[in-house]
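A.B. asks: Add chains H and Y to chain P, keeping to what the hints say.
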Amino acid sequence: MPKRLHPKSLENTIMHYCPGCSHGIAHRVIAEVIDELGIEGKIVGIASVGCSYNNYLYFKFDMQQAAHGRAPAVATGVKRVHPENVVFTYQGDGDLAAIGTAEIIHAAARGEKITTIFINNAIYGMTSGQMAPTTLIGQVTTTSPLGRDTSLQGFPLKMSEILSQIDGAVFVERVSMHDVKHILSAKRAIKKAFKVQMAGLGFSIVEVLSTCPTNWRLSPVDSAKWVEDNMMEYYKLGNYKGAELEV
Amino acid sequence: MPKKVLIKGNEAIGEAIIRAGCRHYFGYPITPQNELTNYMSKYMPEAGGVFIQAESEIAAINMVYGAAGAGARAITSSSSPGISLKQEGISYIAGAEVPAVVVNVMRCGPGLGGIMPGQSDYFQAVKGGGHGDYRNIVLAPNNGQELYELTVKAFDLADKYRVLVMVMADGALGQMMENVEFKDKETPYKIDKPWATTGSGMKRKKNYITSVYINPDELEAVNIRLQAKYKEIEKEEVLFEETDCEGADIIICAYGLAARITRNVMKLAAEESIKVGLLRPITLWPFPKDAVGSLADKTDVIMSVELSAGQMVEDVRLAVNGKKPVHFYGRTGGNLPTQKEILNEIKRVLEKEVK
Amino acid sequence: MNYEIIIAGFGGQGILSAGRIISVSAILEGKNTTWFPSYGPEMRGGTANCHVIVSDGEIGSPIINNPDVLICMTKPAIDKFESYVKNTGFILADMSLVGEDKIKSSKKQIFSIDAAKKAGEMGHKAYAMLIMIGKLIKETKIFKPETVEKALYEVLKPELHRLIPDDMAALAMGMEM
Chain P
0 MPKRLHPKSL ENTIMHYCPG CSHGIAHRVI AEVIDELGIE GKIVGIASVG
50 CSYNNYLYFK FDMQQAAHGR APAVATGVKR VHPENVVFTY QGDGDLAAIG
100 TAEIIHAAAR GEKITTIFIN NAIYGMTSGQ MAPTTLIGQV TTTSPLGRDT
150 SLQGFPLKMS EILSQIDGAV FVERVSMHDV KHILSAKRAI KKAFKVQMAG
200 LGFSIVEVLS TCPTNWRLSP VDSAKWVEDN MMEYYKLGNY KGAELEV
Chain H
0 MPKKVLIKGN EAIGEAIIRA GCRHYFGYPI TPQNELTNYM SKYMPEAGGV
50 FIQAESEIAA INMVYGAAGA GARAITSSSS PGISLKQEGI SYIAGAEVPA
100 VVVNVMRCGP GLGGIMPGQS DYFQAVKGGG HGDYRNIVLA PNNGQELYEL
150 TVKAFDLADK YRVLVMVMAD GALGQMMENV EFKDKETPYK IDKPWATTGS
200 GMKRKKNYIT SVYINPDELE AVNIRLQAKY KEIEKEEVLF EETDCEGADI
250 IICAYGLAAR ITRNVMKLAA EESIKVGLLR PITLWPFPKD AVGSLADKTD
300 VIMSVELSAG QMVEDVRLAV NGKKPVHFYG RTGGNLPTQK EILNEIKRVL
350 EKEVK
Chain Y
0 MNYEIIIAGF GGQGILSAGR IISVSAILEG KNTTWFPSYG PEMRGGTANC
50 HVIVSDGEIG SPIINNPDVL ICMTKPAIDK FESYVKNTGF ILADMSLVGE
100 DKIKSSKKQI FSIDAAKKAG EMGHKAYAML IMIGKLIKET KIFKPETVEK
150 ALYEVLKPEL HRLIPDDMAA LAMGMEM
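Residue numbers (numbering that gives the first Met the number 0), protein chains in the order written: chain P, 0 to 246; chain H, 0 to 354; chain Y, 0 to 176.
One should not assume that every hint holds.
Claimed, not checked - Result set (DMTMM-like, lysine to aspartate or glutamate): computed pairs, CA atoms no more than 20 angstroms apart in a straight line: (1) K2(H) x E270(H); (2) K2(H) x D100(Y); (3) K3(H) x E145(Y); (4) K3(H) x E153(Y); (5) K3(H) x D55(Y); (6) K202(H) x E227(P); (7) K339(H) x D100(Y); (8) K3(H) x E148(Y); (9) K2(H) x E153(Y); (10) K149(Y) x E180(H); (11) K79(Y) x D100(Y); (12) K205(H) x E243(P); (13) K205(H) x E31(P); (14) K192(H) x E83(P); (15) K266(H) x D100(Y); (16) K339(H) x D67(Y); (17) K7(P) x D34(P); (18) K106(Y) x E270(H); (19) K204(H) x E10(P); (20) K3(H) x E81(Y); (21) K266(H) x D55(Y); (22) K2(H) x E81(Y); (23) K2(H) x E28(Y); (24) K204(H) x D34(P); (25) K85(Y) x E180(H); (26) K205(H) x D148(P); (27) K274(H) x E57(Y); (28) K202(H) x E160(P); (29) K205(H) x E10(P).
As the list claims (entries may be wrong) - Interface residues of chain H toward chain P, partial, derived using beta-carbon atoms under 8 angstroms: (30) A53; (31) E54; (32) A66; (33) A73; (34) S83; (35) L84; (36) Y91; (37) T186; (38) P187; (39) G198; (40) S199.
Since the hints were made in silico from the structure, they are not lab data. Source: prediction; values computed, not measured. Quick reminder that beta carbons are idealized off the backbone N, C-alpha and C, glycines included.
Just chain P, same shape as in the assembly:
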């Protein structure tokens, strides 16, 4: 059996994420992309608020922790000081699509040369499973105990579709990490998003459909299936902008 190669950009440590959670996979994929692009020395990540609040302990490069929703503004500050660096935010759905809606929309509108990795698991993980702006219709959470009712709680936000309408956003793609095939295509999208930034083209974002077995009250295997059966139904995978870019 071949020895598993550990990405240079990832600390060799135990992460605090639950079994079956997509965060660990997303971290590894990001680290692999950074290794492959050879940008470990000039990458700066922005951690946000949510389960991944302390992922600066797991990544092996410079990072700055941001207040809830503010990561794109913090990334803007970091990038403008060192335009030669590659700067990305790592944000969940509550962070990006609720409290931080203004910051993500306007970072995109400015065409800020940063990359956002948007982890959409349709729930607030860290605070114990509340309804997220991306919670599906009918989905049971601790704050929508009878299931999300659109007459009471409105509709889930499709952030990739929204952001792709903004001229400053040049690369927008929605991917999933629930199986190997999808992880590989997610990695391609993340790599391209970084390359778009490195080419100075504008704002890039990859929305990653992710699992939260703990708060979904599902096993890791059933969680993967739930992504495929439910999330991908509402949140269509694919490139929303910038597929044609050659970088």
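C.D. replies: Frame of chain P, contents of chains H and Y only:
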């Protein structure tokens, strides 16, 4: 020889920002500080710097956090309601020990309040504002020259201690023009920032900037370190100006515009043989508590004059510690106390306290 | 010396610029100065005023409670500020804009200046403020008239510099009034 120029207070701050070597300004429009944002939009790019009109005050302070975290001198400016919005970011900056400067050209509140001059953000500025045990250095200029010099100094202090420094003026100081002398060359305090998120360049271990510590002992250790730093600042950085306090009938404590009005009152009072002294805190935090405390040995009555309902007076009382009576006079809503009003209050207080 | 001057009128009359011309002239003669404008809601509805202090010494409050000189370019302005003028001070009132009845009934020392009309005859209403500054110089000797010319070069936009000879003629006219 440096030339004296007639310049608006808000623009004098802008000139100081550039001359202090700051090249990153993040703003959001709000009266009465708009001339500063406008000035930056023109002169920051000319100086090769970055100007961003952010989507909100919240975004602007977080851009400051990012830019300052990445090792640059960075600043945002606003006025009272906008400063309230920035408090989250200010607390994070304090917790993460990132050096940054914030300008508050105060209007009056509460709520949307009014856009006329006020000093009712004193509590917010010196007692915290955001959550957690932290302090900002708060500088209170009272003329165009000080708006310039203290803004330059704010960057130096921020870098020296890795704290947030607030320059707190009021709408009148921001809006008025005055003769200001710019130094030909400023020499900003230089310090290495090996902690900054500059990208490792593969030459060092990673840096990360954070204010979150889930482990109570770790967080307490951070707090203990912060408090030790604040103690040092209290010891080293107190600034105030004392005028005619020795043997005064009454001593007024006032800062900013209120101190300037008081200076006129001193002359008016002298015509009626009332000797009025003035103690003007220049650092609101660290508060000049020893100097204010020792006023009790120099006079029988102390009075705080503010454009507020009485905020700094609480610190004056703490410092005087009951040794002498401490009175208060202030106006709110954007109204300014007239010289006569203050003089009448002085006479009323003296009659009451001095038998 | 210490002069506290309030200039009051409507927006567009050059009230704030006149204040700047006085302040810059003061600086050019090595004096201290403050210039404090009305701002915000006060400006809505068209009124404009500014407080200008010129002094050899340190200036306390930039806000004037009792002016030495009140320059009035509208009737509402004189109604608002007249009573605050020092007993030792005076008012320069524009004859046509403030109105002769109002000027005659004033209890303060007051000069009726035909500034706006004369400026109109010269071809631009902006000259009215220069006429007023001319009169101010005559009554106070606050600074030398030639200093105003230098100040105009600093205050006015370059495209208006060609008008400075006419501005100075207006100033001279004011000094004759």
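A.B. asks: Now look at each hint and say whether the structure bears it out.
C.D. replies: Here is what the structure says about each hint:
no., hint, result
1, K2(H) x E270(H), "36 angstroms, violated"
2, K2(H) x D100(Y), "47 angstroms, violated"
3, K3(H) x E145(Y), "19 angstroms, holds"
4, K3(H) x E153(Y), "13 angstroms, holds"
5, K3(H) x D55(Y), "15 angstroms, holds"
6, K202(H) x E227(P), "43 angstroms, violated"
7, K339(H) x D100(Y), "32 angstroms, violated"
8, K3(H) x E148(Y), "18 angstroms, holds"
9, K2(H) x E153(Y), "13 angstroms, holds"
10, K149(Y) x E180(H), "19 angstroms, holds"
11, K79(Y) x D100(Y), "16 angstroms, holds"
12, K205(H) x E243(P), "35 angstroms, violated"
13, K205(H) x E31(P), "17 angstroms, holds"
14, K192(H) x E83(P), "19 angstroms, holds"
15, K266(H) x D100(Y), "37 angstroms, violated"
16, K339(H) x D67(Y), "16 angstroms, holds"
17, K7(P) x D34(P), "6 angstroms, holds"
18, K106(Y) x E270(H), "26 angstroms, violated"
19, K204(H) x E10(P), "12 angstroms, holds"
20, K3(H) x E81(Y), "33 angstroms, violated"
21, K266(H) x D55(Y), "16 angstroms, holds"
22, K2(H) x E81(Y), "37 angstroms, violated"
23, K2(H) x E28(Y), "13 angstroms, holds"
24, K204(H) x D34(P), "16 angstroms, holds"
25, K85(Y) x E180(H), "32 angstroms, violated"
26, K205(H) x D148(P), "45 angstroms, violated"
27, K274(H) x E57(Y), "19 angstroms, holds"
28, K202(H) x E160(P), "40 angstroms, violated"
29, K205(H) x E10(P), "11 angstroms, holds"
30, A53, "7 angstroms, holds"
31, E54, "4 angstroms, holds"
32, A66, "4 angstroms, holds"
33, A73, "7 angstroms, holds"
34, S83, "15 angstroms, violated"
35, L84, "12 angstroms, violated"
36, Y91, "5 angstroms, holds"
37, T186, "22 angstroms, violated"
38, P187, "16 angstroms, violated"
39, G198, "4 angstroms, holds"
40, S199, "5 angstroms, holds"
Going through the hint list in order, the structure does not satisfy hints 1, 2, 6, 7, 12, 15, 18, 20, 22, 25, 26, 28, 34, 35, 37, 38.
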